[in-house]
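S.K.: Please work from the sequences and hints to get the whole structure.
For the record, the sequence lines run as chains A and B.
For what it's worth, my numbering labels the leading residue of the first sequence as 11, then goes sequentially.
For what it's worth, my numbering labels the leading residue of the second sequence as 11, then goes sequentially.
It should be emphasised that the hints constitute simulated quantities derived from the structure, not laboratory data.
Keep in mind it's a predicted model, so treat the numbers as computed, not measured.
A portion of the hints provided could be inaccurate.
Just so you have them, the derived chain A footprint on chain B, three or more residues with Cβ under 8 Å [what the hints assert, rightly or not]:
1) 52 to 62
2) 95 to 102
3) 111 to 124
Beta carbons are placed, not taken as given, at the ideal position from N, Cα and C, and that holds for glycine.
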Amino acid sequence: LAKTTQPISMDSYEGQEVNITCSHNNIATNDYITWYQQFPSQGPRFIIQGYKTKVTNEVASLFIPADRKSSTLSLPRVSLSDTAVYYCLVARSGNTPLVFGKGTRLSVIA
Amino acid sequence: DSGVTQTPKHLITATGQRVTLRCSPRSGDLSVYWYQQSLDQGLQFLIQYYNGEERAKGNILERFSAQQFPDLHSELNLSSLELGDSALYFCASSPQAGHSYEQYFGPGTRLTVT
Chain A
11 LAKTTQPISM
21 DSYEGQEVNI
31 TCSHNNIATN
41 DYITWYQQFP
51 SQGPRFIIQG
61 YKTKVTNEVA
71 SLFIPADRKS
81 STLSLPRVSL
91 SDTAVYYCLV
101 ARSGNTPLVF
111 GKGTRLSVIA
Chain B
11 DSGVTQTPKH
21 LITATGQRVT
31 LRCSPRSGDL
41 SVYWYQQSLD
51 QGLQFLIQYY
61 NGEERAKGNI
71 LERFSAQQFP
81 DLHSELNLSS
91 LELGDSALYF
101 CASSPQAGHS
111 YEQYFGPGTR
121 LTVT
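M.R.: Okay, here's the thing in structure tokens:
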């Protein structure tokens, strides 16, 4: 599976839009990109997944350029409760184990 | 609430002991995954079961074993415990789907080995 690289940490003020970029240069044709959120001492929670272009749900947007070598998770108007670790993962197919990297620790400041 | 339950929530035991962690997946989910999260190793996949059969194996030590029962609940057995086994252990489940990467994680069991 393609290795992912994302910033170790980010800070943001409440109300701002946050964009977390992940690189996955060796992504394969049948790989999907998925993002998870984890609060301290809780299990990770699925946020969004995509293959190409743009995907939006009630929580976030995911932008994937045509070459698919990177992706950007966009969180609109963050609040203090969005402070968490965000993981970018590349998954080969459904019903397979997830390979987590170190994630990005997002701190939202009032 | 993800619908995945894990017991116990906390477990404190001594080195050399054996413990069993229990997981009940979401209703209807056939796949169960076990993950270990420690401060130095991050979140690591241990083992996956699908409808009672072992499907994939990750960085699971020989001292650890798991099984999935006919009612689909799963147990992770950890034996000859060492201090380094102290970690959060998560169970996750997922539905039968071709391109769904959405796994539902339980609240975890925090194991402390003293």
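S.K.: All hints are to be evaluated individually against the structure, with a verdict given for each.
M.R.: Structure-based check of all given hints:
Interface restraint, the segment 52 to 62 of chain B with chain A: holds (6 residues with C-beta to C-beta distance below 8 Å; minimum three). Only residues whose C-beta sits within less than 8 Å of a C-beta in chain A count toward coverage, and the segment 95 to 102 of chain B has 3 of them, enough to reach three; the restraint holds. Counting residues of the segment 111 to 124 of chain B whose beta carbon lies closer than 8 Å to any beta carbon of chain A gives 9, which reaches the threshold of three, so the coverage claim holds.
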